[in-house]
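Engineer: Sequence:
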Amino acid sequence: MGQQRFDLLVRGREHTVTATELGVQREIVWTVDGAEVARTKTTDDNAVLEANGYGRVKLKASMTGVHRATLSVGQGAVDMEPEPGSRAARREERIRQHPRRHAVVEGVLATVKVLAPLFGVGFVVNLLPDWDLPDIPWPDIPWPSIDLPDIPWPSIDLPSIPWPDWSLPGWLDPVLDAARFVLPVLVAIGVAMGEVKRRQAQDARRVEVRGQSRPQLETRMAADLRALLDQRQQPEAEDARTSGH
1 MGQQRFDLLV RGREHTVTAT ELGVQREIVW TVDGAEVART KTTDDNAVLE ANGYGRVKLK
61 ASMTGVHRAT LSVGQGAVDM EPEPGSRAAR REERIRQHPR RHAVVEGVLA TVKVLAPLFG
121 VGFVVNLLPD WDLPDIPWPD IPWPSIDLPD IPWPSIDLPS IPWPDWSLPG WLDPVLDAAR
181 FVLPVLVAIG VAMGEVKRRQ AQDARRVEVR GQSRPQLETR MAADLRALLD QRQQPEAEDA
241 RTSGH
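All residue numbers for the sequence shown refer to my numbering, where the first residue is 1 and numbers rise by one.
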């Protein structure tokens, strides 16, 4: 996996976080405009870096590497942009372009995780050969017999509580059995849909922290376009007046 990089431009200042795999450890470096502000080595998959005056960065990682770096600096938490072409960048792009497919895939993976132990154990047991193991004549060791004292524990007469004799209806048994398999799948799909909404919100937040919201950016682009057209029309108007005289 080597090194992973995450960037975010905040009000004209470039924040960069790099995570380098060092065996069982991970070295994390945070720079602002090229100057290092924090560094750490850790085995924690949810590492947090803090820098006085710059806020903090929280990473979320797994065995496949860091897949999220979130910057908190005065305006709430904003996900930093992963390096183009990286595993984290490809994951973000998949969620943006195919949100429903992402939820379905997560549900299928959860189903596999639930069913694999059930079918896997039986499959492995069937593959094991029927070994006829020899009978090993273990030695008979004359262990000493220790006569422990008989402690007269007090006899406490606890009251008998008349619990009601109540049982679940028969139709509920298959529902509870199915819930063991269905619930993890539904939870996985719910988490995936939550990540889709979170990704959409984070894309909007990235635009805001750069200094301009999307409507402001569109308004400025329209104003710049009008100014450019006015500049081109002024020489034409002057030429028309000159030729008229």
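Simulated from the structure, these hints should not be mistaken for laboratory data. Keep in mind the model is a prediction, meaning the values are calculated, not measured. Among the hints, a few may not be true.
Okay, derived cross-link-like pairs now, DSS-like style, lysine-lysine, Cα gap no bigger than 30 Å in a straight line [claimed, not checked]:
1) Lys113 with Lys60
2) Lys197 with Lys113
3) Lys41 with Lys58
4) Lys60 with Lys197
5) Lys58 with Lys197
6) Lys60 with Lys41
7) Lys113 with Lys58
Per label pair, the in silico range of CB-to-CB distance [what the hints assert, rightly or not]:
8) Val48 with Ile136: 18 to 28 Å
9) Arg94 with Lys41: 49 to 59 Å
10) Arg205 with Pro84: 35 to 45 Å
11) Ala35 with Ala204: 21 to 31 Å
12) Val108 with Arg87: 17 to 27 Å
13) Arg94 with Arg39: 29 to 39 Å
14) Thr43 with Glu208: 48 to 58 Å
Cβ atoms here follow ideal geometry from the backbone N, Cα and C, with glycine treated the same way.
Engineer: None of the hints should be skipped; say for each whether it holds.
Structural biologist: Consistency of the hints with the structure:
| no. | hint | in the structure |
| --- | --- | --- |
| 1 | Lys113 with Lys60 | holds (22 Å) |
| 2 | Lys197 with Lys113 | holds (25 Å) |
| 3 | Lys41 with Lys58 | holds (14 Å) |
| 4 | Lys60 with Lys197 | holds (18 Å) |
| 5 | Lys58 with Lys197 | holds (20 Å) |
| 6 | Lys60 with Lys41 | holds (15 Å) |
| 7 | Lys113 with Lys58 | holds (28 Å) |
| 8 | Val48 with Ile136: 18 to 28 Å | violated (55 Å) |
| 9 | Arg94 with Lys41: 49 to 59 Å | violated (31 Å) |
| 10 | Arg205 with Pro84: 35 to 45 Å | violated (19 Å) |
| 11 | Ala35 with Ala204: 21 to 31 Å | holds (29 Å) |
| 12 | Val108 with Arg87: 17 to 27 Å | holds (20 Å) |
| 13 | Arg94 with Arg39: 29 to 39 Å | holds (31 Å) |
| 14 | Thr43 with Glu208: 48 to 58 Å | violated (34 Å) |
Checked against the numbered hints above, the structure violates hints 8, 9, 10, 14; every other hint is satisfied.
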